Amino acid sequence: MATTMAKALNAALADAMAADERVLVFGEDVGQLGGVFRITDGLQARFGDKRCFDTPLAEAGIVGFAVGLAMSGLRPVVEMQFDAFAYPAFEQIASHVAKLRNRTRGALSVPIVIRVPYAGGIGGVEHHCDSSEAYYAHTPGLKVVTPATVDDAYSLLREAIDDPDPVVFMEPKKLYFASAEADLSTRTEPFGRAVVRRPGRDATLIAYGPSVPVALEAAEAAREEGWDLEVVDVRTIVPFDDETVTASVRRTGRCVVIQEAQGFAGVGAEIAARVQERCFHALHAPVLRVSGLDIPYPAPMLEHTHLPGVDRVLDAVARLQWDDQPDARWLPATEAAA
Amino acid sequence: MTTTPRAVRRASPRARRRPANPADPARPLLPDAEPVSLLDPTGTPLPARTDYPEPAVDLLRELYRRMVVGRRFDTQATALTKQGRLAVYPSSRGQEACQVGAMLAVRDTDWVFPTYRESMALVSRGLDPIEVLTLLRGDWHCGYDPAARRTAPQCTPLATQCVHAAGLAYGEAHQGRDTVALAFIGDGATSEGDFHEGINFAAVFKAPVVYFVQNNRYAISVPLSRQTAAPSLAYKGVGYGVPSEQVDGNDPVAVLAVLTRAVEHARAGNGPFLVEAHTYRMEPHTNADDATRYRDGAEVDAWRDRDPIVRLEKYLRDRGELDDEAVAAVAAEAEAYAADVRERMNAQPTVDPLSLFDHVYAQPTPQLIEQREQICAELAAAEQEGDA
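Heads up: the protein sequence lines correspond to chains S and W, in order.
Numbering-wise, my numbering puts 64 at position 64 of the first sequence, and it's gapless, one number per residue.
Numbering-wise, my numbering puts 266 at position 266 of the second sequence, and it's gapless, one number per residue.
Here chain S stands alone, though its shape is the one from the complex:
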């Protein structure tokens, strides 16, 4: 059946609410309106306004309220309307959501799902397009998940709601309305498993969320240049699947990590470091990163320059020392000139 990621997420919420009456869905505009992206469409009508409801416009309040609800035995699923609007909730997330289990030696757990529509590519104006995953991934105690396919959107959200730990569920906005054949009745791979979306022999592209379709498109385009590229979809940033990633890079010997977020101190940097630590002797070239620029998210008419596209990925692949020559970009100026 052809459906969209938005509809798959909606179905996951509805099925989870039907399966477990402890599941509550709340946030800004999620009730009657069904969310600004319509992810909660119809939930209030079906489950009532005690199960799906609007809150005051206060993100710290929404997440803190969820902490208290979870302490009382409920399973809150909250929506942050946009990535950058979630920042007021950061103290609640970092100091309480992430730490309560640890602080109390397991006596309290807060199985909350915090849904964050994130990243760009939709022509959004200021403060609507941040890639904020690194803030959460850097915080022990949180799981951080981001689907790239319609099937995964459904399955990962169901698993997030069932998970005993708090999950920051990052939804790539630009993939919301892309349609695909999907079978929502089955579950995909569990948390902690990355998936090879496209097998290849020559190099591994590692991507997650909005960058997975870019990686797949780049791999397709690379065929014309004679490269057979493998694409790994990380899916769950935390817990991270070193095993699948490492196995792929050991097979191919070359690796490019792709993320839409700004590059410095990002998730891609962590992945690149982990790959080098584990695959050094199998590598024929340095692990390269392709990311957004280290700038505040740009205005809509400039975002295409910021976002890593197929050409930038292919440029990186071209620099993977196929002729066994060092990358001129990294040589000291004198040597490079010589």
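No lab work stands behind these hints, which were simulated from the structure alone.
Straight-line alpha carbon distances no greater than 25 Å define the calculated SDA-like cross-link-like pairs of lysine to any residue that follow: (1) W:K206 <-> S:L57; (2) W:K314 <-> W:D58; (3) W:K206 <-> S:G34; (4) W:K82 <-> W:M282; (5) W:K206 <-> S:R46; (6) W:K206 <-> S:G73; (7) W:K206 <-> S:R22; (8) S:K50 <-> W:K206; (9) S:K50 <-> W:V204; (10) W:K206 <-> S:L33; (11) W:K206 <-> S:E21; (12) W:K206 <-> W:D178; (13) W:K206 <-> S:G48; (14) W:K206 <-> S:P88; (15) S:K50 <-> W:A268; (16) W:K314 <-> W:R61.
Quick caveat, the model's predicted, so the values are computed rather than measured.
Fit chain W to the given chain S structure using the hints.
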């Protein structure tokens, strides 16, 4: 800035025109301009109030007993910092009426959301003092079981617990239970956004929460005048549609009476209630603070004359409900309590480095398993080195 204690006068019995309270038409939304007080600072009873009936005398004797034990615990904890047994201790000396009164106003099934200054309240609630002091001793962040004791971990980030209390109280009501949540907060933390978001959420969702502000006049060194220009912190309820009251926080009888009614208000389904208690932190912020840098001795002395324990003792003695023998028995109990705390705190706690990995997630991630193995190896190597 005036630093003399607010004059505590009996509230005018005359009806005043105040905005109606939609949650409970019987009580006005604006608090009375004067704090509720039932005993004057000498322990002499003020004229009785029909809106705040005096608690039963058995309860007042229990309040006295727990305040004396609580203060002795507090003194002992400060002494333990000097012996290096506690990393730090924020004293609540002088705030006994608030600390203990609040715990007598709630049921065991109610939830309490304390801050780091509520150690006295928690031992008064019956929590094991060693478990309460675990945070400050430093062997773990929370020593008691919050679920079993219906007591959240002592909250160090300011005001964040105000939203948790709203969520917990709403969640309990949602599941058909009549639990009330009592959230402690200090004067300084009322400037934090989470105080406002918490009280607003509780009001909108009609959650049964009592927000209890202990206005002890200082946030470490910063005086109340730098926190607010409002006539009273209790007035902050008005903007959220939350009724409130001020109380003389050094009058144990008034504190218990006001909080008892606030808890009843919440439990009856009227939504949250805000109480501001005017009190004073007799000690520095913590043992590591030097209060002489920001307040003078005369101010502290003036508050010493308003001691809540002296006040209640005088009142109960005058009523013939307390005699020398009973006072001595309570003092002896307090000494025994302190001796037990001292003795048990003298034992060096055992900490297990490998427990660091136990409760990060329900199941450790592969990365944590790797790190655990690394620490195991480090520990084994260190042990071998020690043996050699």
